[in-house]
Amino acid sequence: MEFLLTLIIQIAVIIITSRVIGFFFRKIHQPQVVGEMVAGIILGPSILGWWAPHIFTFIFPAASLKFLDTLSQIGLLLFMFIIGLELDPKLLKGRGNAALMIAMASIIFPLILGILLSFYLYPILSDNSVPFTAFALFIGASMSITAFPVLARILGEKNLIKTKLGTVTITAAAINDVVAWSILAVLVAIARASMDINQARPDRLPFWLTILGTIVFILIMIFIIRPLISRLEIYFKNKGNNLTNDILGAVLLLLLASAWTTEWLGIHALFGAFFMGAMMPRNKYFLKAIIEKLNDVTVVLLLPIFFTLTGLNTTIGLVNGTEMWIFFGLILSAAVIGKLGGSAIAAKLSSLHWRESLGLGVLMNTRGLMELIILSIGLEFGVISHLLFTMMVMMALVTTFMTTPFFEWIYPNKLIRKELEDADKEKQKFRILIPVSLPSSGPGLLKIASAISPNPDLKVYALHLLRPSEISISDLGEENGNHKNLEAIQPLLDYSKENSITVSPISFATRNAAEDIIDFANTKDAKIILMGWHKPILGESILSGTVNEVMHNARADVCVYLERKFEPYKNILVPFRDGVHDKGALFLARQIAANINASLTLLHIVKPKTGGIKENSLQLNPIIEAGKKDYIRNEIMEDFPDENMKLRVVESDSPLDTAVKIANQNYDLIVVGLSETWGLEPSLFSKRHERLARECPASLLILRKYISSNI
Amino acid sequence: MKIILLYIILVGILFVSLLKILSIGDKLKAPLNVSGNWIIINDFGKEVKKTCAQISFKNQPPEMFIDQSGKYLKATINDSAKTQLKGMIDQDTITLNKIFPLRRDSCGSTASIKLILKVVRYEDKNDKLLGIWSDPQC
Chain A
3 MEFLLTLIIQ
13 IAVIIITSRV
23 IGFFFRKIHQ
33 PQVVGEMVAG
43 IILGPSILGW
53 WAPHIFTFIF
63 PAASLKFLDT
73 LSQIGLLLFM
83 FIIGLELDPK
93 LLKGRGNAAL
103 MIAMASIIFP
113 LILGILLSFY
123 LYPILSDNSV
133 PFTAFALFIG
143 ASMSITAFPV
153 LARILGEKNL
163 IKTKLGTVTI
173 TAAAINDVVA
183 WSILAVLVAI
193 ARASMDINQA
203 RPDRLPFWLT
213 ILGTIVFILI
223 MIFIIRPLIS
233 RLEIYFKNKG
243 NNLTNDILGA
253 VLLLLLASAW
263 TTEWLGIHAL
273 FGAFFMGAMM
283 PRNKYFLKAI
293 IEKLNDVTVV
303 LLLPIFFTLT
313 GLNTTIGLVN
323 GTEMWIFFGL
333 ILSAAVIGKL
343 GGSAIAAKLS
353 SLHWRESLGL
363 GVLMNTRGLM
373 ELIILSIGLE
383 FGVISHLLFT
393 MMVMMALVTT
403 FMTTPFFEWI
413 YPNKLIRKEL
423 EDADKEKQKF
433 RILIPVSLPS
443 SGPGLLKIAS
453 AISPNPDLKV
463 YALHLLRPSE
473 ISISDLGEEN
483 GNHKNLEAIQ
493 PLLDYSKENS
503 ITVSPISFAT
513 RNAAEDIIDF
523 ANTKDAKIIL
533 MGWHKPILGE
543 SILSGTVNEV
553 MHNARADVCV
563 YLERKFEPYK
573 NILVPFRDGV
583 HDKGALFLAR
593 QIAANINASL
603 TLLHIVKPKT
613 GGIKENSLQL
623 NPIIEAGKKD
633 YIRNEIMEDF
643 PDENMKLRVV
653 ESDSPLDTAV
663 KIANQNYDLI
673 VVGLSETWGL
683 EPSLFSKRHE
693 RLARECPASL
703 LILRKYISSN
713 I
Chain B
53 MKIILLYIIL
63 VGILFVSLLK
73 ILSIGDKLKA
83 PLNVSGNWII
93 INDFGKEVKK
103 TCAQISFKNQ
113 PPEMFIDQSG
123 KYLKATINDS
133 AKTQLKGMID
143 QDTITLNKIF
153 PLRRDSCGST
163 ASIKLILKVV
173 RYEDKNDKLL
183 GIWSDPQC
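Chains as they are written, first to last, in the numbering used here: chain A, 3 to 713; chain B, 53 to 190.
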């Protein structure tokens, strides 16, 4: 091993320098990665090579760099794999249009500015071996990237992840990451194909085969490899969530196979590593175990080697003279205006305040390590020259370095504290989503919503969904819909003004109402989705169609309300048998009774010992047979020790008949849990008639309690 | 349908505009690529002896490496002193004129060397750089 001693010295020097410089940068509130980038430049020809050329040549002899390069490439593969592992698919969907719009703007603006700048730079800083298309697209793409890890770390440090700004930024950055890497994969293929034509290299696949092969690769990964990997996860679970060396070995083999395939296809090994990371099962214990095993050696040992190699390719001395600094100024301006400006304008158009928009723009403008990865790909293919590489590295350094101070200037800590307090207050609000279809049902739904709320801090989202055919071109661009769209919610809004209830009206077009209702409820963290009673188009069951879909899939409690009279309720009945939905209904009814000062009757139907119908009534201390008394006391009354609640215990073979019969007795609101007992199990195209709804004169509130699978 | 159509139209316009911009850019001319290793032939040694700068190849092969960043060039001659020259390429003419670290014998401290080269391209043979060394200080 000719260079083993040299390699050991190199690695030791790299680790010491990166840790020491990183430490100093942390002290001035900069991310460690900025310090490591600077450490790489210090070890390169710009500082060490200029200040002590003999030491530089001794530590980094040119012939030894191929070993460092191999190590750094392995480090990058592992790093991109970890980035893929950390990609949260939940971030990519269901977060509304704002994040998507910002993400797209943060790619398109700098991409276009980069391409336009290329018209000036290409005749000066490129040569005729590089086609303009490859050059321009590369400059554009390298300006579009956002350093997701740096951004996530700053948001985490500032405790901003849970705020509106944090949520939108992290989502936009995640989308940006996926889209930008996908664009870059295509660009690499284009660049490789066009450069290969010029250099007449027959060892590369033709462009069409690269694209076709990539599509096949993606399909194989999704439909064959992904299900196979899930078996690894099962094995991991069977081992008691222990990541054995066998499992880790298998994961690494898959990573290498994927990286090899994409490199062979001509879209670079890094994309294969990233894609394999993204394909891993989203079991947080599994992912955490892999990341823990790989992260330390990657971050502490291998990435600093990459930074050093970047530094070795960076010669700041090349940027001398006014002309060069003008080029650098133009590159930096295009990068900042495109990324920061584009993201901030899109954020402002997405109804964020100016301060939030600028803060988001500054965060999206951070480029960090991701930029260096793209640049090194560009340098490797010869798309960008050493001079341009140096300028772009300097741009990456400046944009990453400026993030923290600029963000703290725009978003001072005291403002963050206030925002967190507001977020806490907002979190304490009880949020109900009311999808309004019929305008006339709005006031009744809002009335029952205000009665349901356990605290006075109620926030209601009134959602009116439109079919695409109901939208005219003039309606587009108004996020909350125009006045015409909000007409359907107007009666509800009038009622909210009269009763001082906070309502946010929203209206947008949908192609799948149930899906959009569920997504919106998730986004707004609604505790209850309160839906009106609608006449079904198909089938005879009212709890079908959209209602059925929402009931099955929503991650919130779902209530369906049938209003028979608008006057305040005085007597509420809760038919109760057993189960989580019935208990939820009882809890809800108790809340309503307390809020509107109504009397509450719990109807408990049990199987008779002797047949027929028997009834015992009690007022808190019931005198009923010992067994039932214990059950009611232990299972029901203990949870609901309510002095105003009347309890009626009925023995019956037919709970539904009995409930219908008793519900007809002077009750004006029936609150009932969703279950077959009450003939209320939702099903598509069911021919069953909901008897409680049809045969009782009282209003009806049906509850489907959300049962989290995590419990 | 209208929204989908509008979306397709917008994306289409963006894509077509991008292609149009790129096709306009394809007409731009970038400097000739002259980067890489060049073998030095001809009577190089004789010419240099006439200048005050000393270039000695001793046992090294007479080569010149050009590192190119667009029109900006840095040439390193494979002599014993690793002489470096900086310059530019303008169409097919290369001008290199900064020296480091040539030894100076008879001239003053501002001694320099200038190399003007013409790029000659052959369809069936390797390209050539033809030119002359000169020393403006001597």
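Treat the hints with care, since some could be wrong.
What the hints assert, rightly or not - Computed cross-link-like contacts, DSS-like style, restricted to lysine-lysine with a CA-CA straight-line distance of at most 25 Å:
hint : chain 1 : residue 1 : chain 2 : residue 2
1    : A       : Lys68     : B       : Lys134
2    : A       : Lys416    : A       : Lys427
3    : B       : Lys134    : B       : Lys72
4    : A       : Lys499    : A       : Lys585
5    : B       : Lys180    : A       : Lys68
6    : B       : Lys72     : B       : Lys126
Quick caveat, the hints were computed from the structure, so don't treat them as lab data.
What hints, given by number in increasing order, does this structure fail?
Result: hints 3, 4, 5 and 6 break, sorted rising.
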